[in-house]
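For the record, the sequence lines run as chains A and B.
Everything in the first sequence is counted per our numbering, starting at 1 for the first residue and increasing by one.
Everything in the second sequence is counted per our numbering, starting at 1 for the first residue and increasing by one.
Worth flagging that the hints you see were computed from the coordinates, not collected in a lab.
The structure presented is a predicted model; accordingly, all values stated were derived computationally and were not measured.
Certain hints may be false.
[To be verified] List time: in silico BS3-like cross-link candidates among lysine-lysine, alpha-carbon distance up to 27 Å: (1) Lys106(B) - Lys130(A); (2) Lys130(A) - Lys154(B); (3) Lys118(B) - Lys130(A); (4) Lys129(A) - Lys314(B); (5) Lys106(B) - Lys351(B); (6) Lys276(B) - Lys308(B); (7) Lys62(B) - Lys109(A); (8) Lys351(B) - Lys95(A).
[Claimed, not checked] Negatives, chain A to chain B, calculated, CB over 12 Å: (9) Tyr23; (10) Phe56; (11) Ser70; (12) Arg87; (13) Leu92; (14) Asn97; (15) Lys152.
Cβ atoms here follow ideal geometry from the backbone N, Cα and C, with glycine treated the same way.
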Amino acid sequence: MIELQNVSFQFNKQVQVLNQASYIFHQNVFYAISGSTEAARNATFSLMIGLIEPEFGRVLFNEKNLKHSSPEEILKDYVGFHNQHSRQVEYLNVKRNIELAMDISIPRKNVNIDDVLVEFGFDEDLLEKKVSDLTPYQRFLYDIVLVVLCDKKTVLITDPTKAFNEKEINLFESKLKKLAHEIGVCVVLSTESKEIAKLADKIVVIINGKLI
Amino acid sequence: MLKRTFWYIFLRPSRSFFILFMYFSLGSFMLLGLKWNSSAEAELEYARNKWGLKAIIQVNAKSLFEAKANSKSGKNPPQTGHFNESSSNSSYERFLPSQIATLSMKMADDVSNLPEVKSAQYTSIINVVGKGISPVTPAGRDKSKLETTEGIKKPQFQLMGVLKSEVLDAFKSNINILISGSDISPADLNTNNAIIEHGLADKNHLKIGDTFELESIDGNRTKSFIVSGIFISGVPQNSGLAGDLSFLSDKNRIFTSVTAMSELSGGFVENPIVDKAIFTLKNPDSYEQFRIKAMEKGINLFFYDIYKDDTQFKAVSYQLKKAISIGTILTLSTFIGLFLFTTLLLLAIRKKRSEEIQTLLLFGESNRNIFTQLLLEWMILIVIGFALAIIISPIALDKISYILKEIFFLIQENSTNNIHQSGNSYADVLSKFTQMETVLFDLDLKPNFYDQMGVTLIGLFLSVNAAVLTLLKVLRMSKRNLLMDSDLEESI
């Protein structure tokens, strides 16, 4: 659970991104943050996981003030991402990249790795590919697999659907809902598309620095 | 972390091989430079001992001429010299018919017992003619006649009385090489043994054990000699000597003991007179001490000259110092090269791996662990590269050092030719060049355990410092901007 309490933040000390904003992001829920600019949404992401500190207010992560947690701790144990930059070591294949992420993080208990890989469509051929050779949709799945296997409590996703086809968008929705509802992850999607935002359980809009 | 390290090394074989090859090369050159340097320094010390400083004592002919002139004008010469009133038949009789100072072997022996002296050599030389033995002459001038002027015959040979022939410069520097028989040594005192040049032996069909006779140029004395050794001279026969002076050629030089020579020159056999007493000192710095002690032994500077000769050591040391400076330049260049290579390549690699570093940070890896991983990867490659260098390069070093020596000699040969053209005698130049060649080709470039450890430690020290300096930025990288819309490379 991530709780923002009266958080204020100015982007580059000029643009007010959040102004005494308060909101609680729960586990098992798929949220979509919409509205405002992409930079504002990304800044909100960074505030949510403590990569940047609010000028006012505080952010609690599982009731613990993020101020007292190191970025390593948060990134390692709690938060996963999907954005335009794939998290990969370019000379390693998909399988070794997953292995690498699991080495650094704490692996999720009671999960069969092979089952997860099969469920997300990673057969032997795909596992041998470089991450950069994957399609946008496969790269999205790769990041979701990392969230599942590395026991992340939250995943922050920058909308990748512009590069998806219709079928992939449908699968995208089902995978994220499964991730939230079955695995218990707090899924937060940043999108400027109202259509895509509608796929989420809850839509959060940034208006005048407030999260509504 | 080790798994990641090995992935990096083994999944990028071409890059790893390139880095290994570079460290192998740098390590090898560092080993060569250090070894070349230390060997040349050791060889300099060896040359100091081998060629060192020679102190020479000989009769001061100039003073004696003055003494004779003073004597004629009624002035008395100093009375403290070693005069040999009965030596009118000595080798100096051509200069001073009466009352001359001579250097006897006994006097020289007294000086040779000084603690500063490592070894002694006595030499005397006279010109003689052969009886039934013909000199080697340049082609087309074989019909030399025994012309005489006022009863003095034209010399055909030089007879050199020595204590030990093997320590003569020509033998030490392998210009003259004994090919059969034995050297003249103190055991040959009071014998008729002589060593002659191979060409002379061939021309007169002489072999070991054969005898031949020599006669003084005034025709008063004749002596028979036994061939006890045959040497071959590296100096070309026609190296600038005219036919009339062919008795000065090494082919016509005969070596015998100082006693046998003294007999032919009319001196005492029991206490022969020598032209020069040459003392090799244990320590070149003790020359002044030696000089004072020699004077205390009765070497009066009015009658005798004492002077030092370190030209051979200087000739060799000059070249060795050049060799040392080459080694120093090579070593320093390698040190700089190692530091620059490590720094520049790591900078490039750090830049190229920025995405990988960002990924590791987003996976939750700490800056310190990433820094350690990058350093570890590099250290493994450096250690393997240097290990290969110290294991394999001794084999390659032989070849490389031989090529370097060849290049070195090519340069030196040109400068030697220049010296020759500038008026130095061929034999002198050849002698110096041969000494240098002997000393430099003796350079022991096979690295030992300490050389290898030294190179490894210095190499690691330089490389680790360069790597740490270059990778320090990884420790300072902020995660703050990782999720912002910043360029990846800016965050690195």
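- Distance restraint between lysine 106(B) and lysine 130(A), which requires alpha-carbon spacing of 27 Å or less: 94 Å, violated
- Message: For leucine 92(A), is the shortest CB-to-CB distance to chain B above 12 Å, so the non-interface label stands?
- Response: 6 Å, violated
- Item | Minimum Cβ distance from arginine 87(A) to chain B greater than 12 Å, as the annotation requires | 5 Å, violated
- lysine 152(A) remote from chain B - nearest C-beta pair above 12 Å: Contrary to the label, lysine 152(A) does not stay out of reach of chain B, its closest Cβ about 10 Å off (not over 12 Å).
- Task: Could you check that no beta carbon of chain B comes within 12 Å of the beta carbon of tyrosine 23(A)?
- Result: 18 Å, holds
- Compare the distance between the alpha carbons of lysine 130(A) and lysine 154(B) with 27 Å, and conclude whether the hinted pair is satisfied. Answer violated: lysine 130(A) to lysine 154(B) is near 98 Å, above 27 Å.
- Message: Can you confirm whether the C-alpha distance between lysine 118(B) and lysine 130(A) stays at or below 27 Å?
- Response: Between lysine 118(B) and lysine 130(A) the Cα gap is close to 78 Å, so the pair fails against 27 Å, i.e. violated.
- Message: According to the definition I'm using, a residue is off the interface if its beta carbon is farther than 12 Å from all beta carbons of the partner; does serine 70(A) meet that for chain B?
- Response: About 8 Å separates serine 70(A) from the closest Cβ of chain B, which leaves it inside 12 Å; violated.
- Within 27 Å, alpha carbon to alpha carbon, are lysine 62(B) and lysine 109(A)? 109 Å, violated
- Query: Does the structure keep lysine 106(B) and lysine 351(B) at a Cα separation of 27 Å or less?
  - Reply: 83 Å, violated
- Query: Hey, lysine 351(B) versus lysine 95(A), does the alpha-carbon distance stay inside 27 Å?
  - Reply: 25 Å, holds
- Going straight from one Cα to the other, do lysine 276(B) and lysine 308(B) come out at no more than 27 Å? 12 Å, holds
Checked against the numbered hints above, the structure breaks hints 1, 2, 3, 4, 5, 7, 11, 12, 13, 14 and 15 and satisfies the rest.
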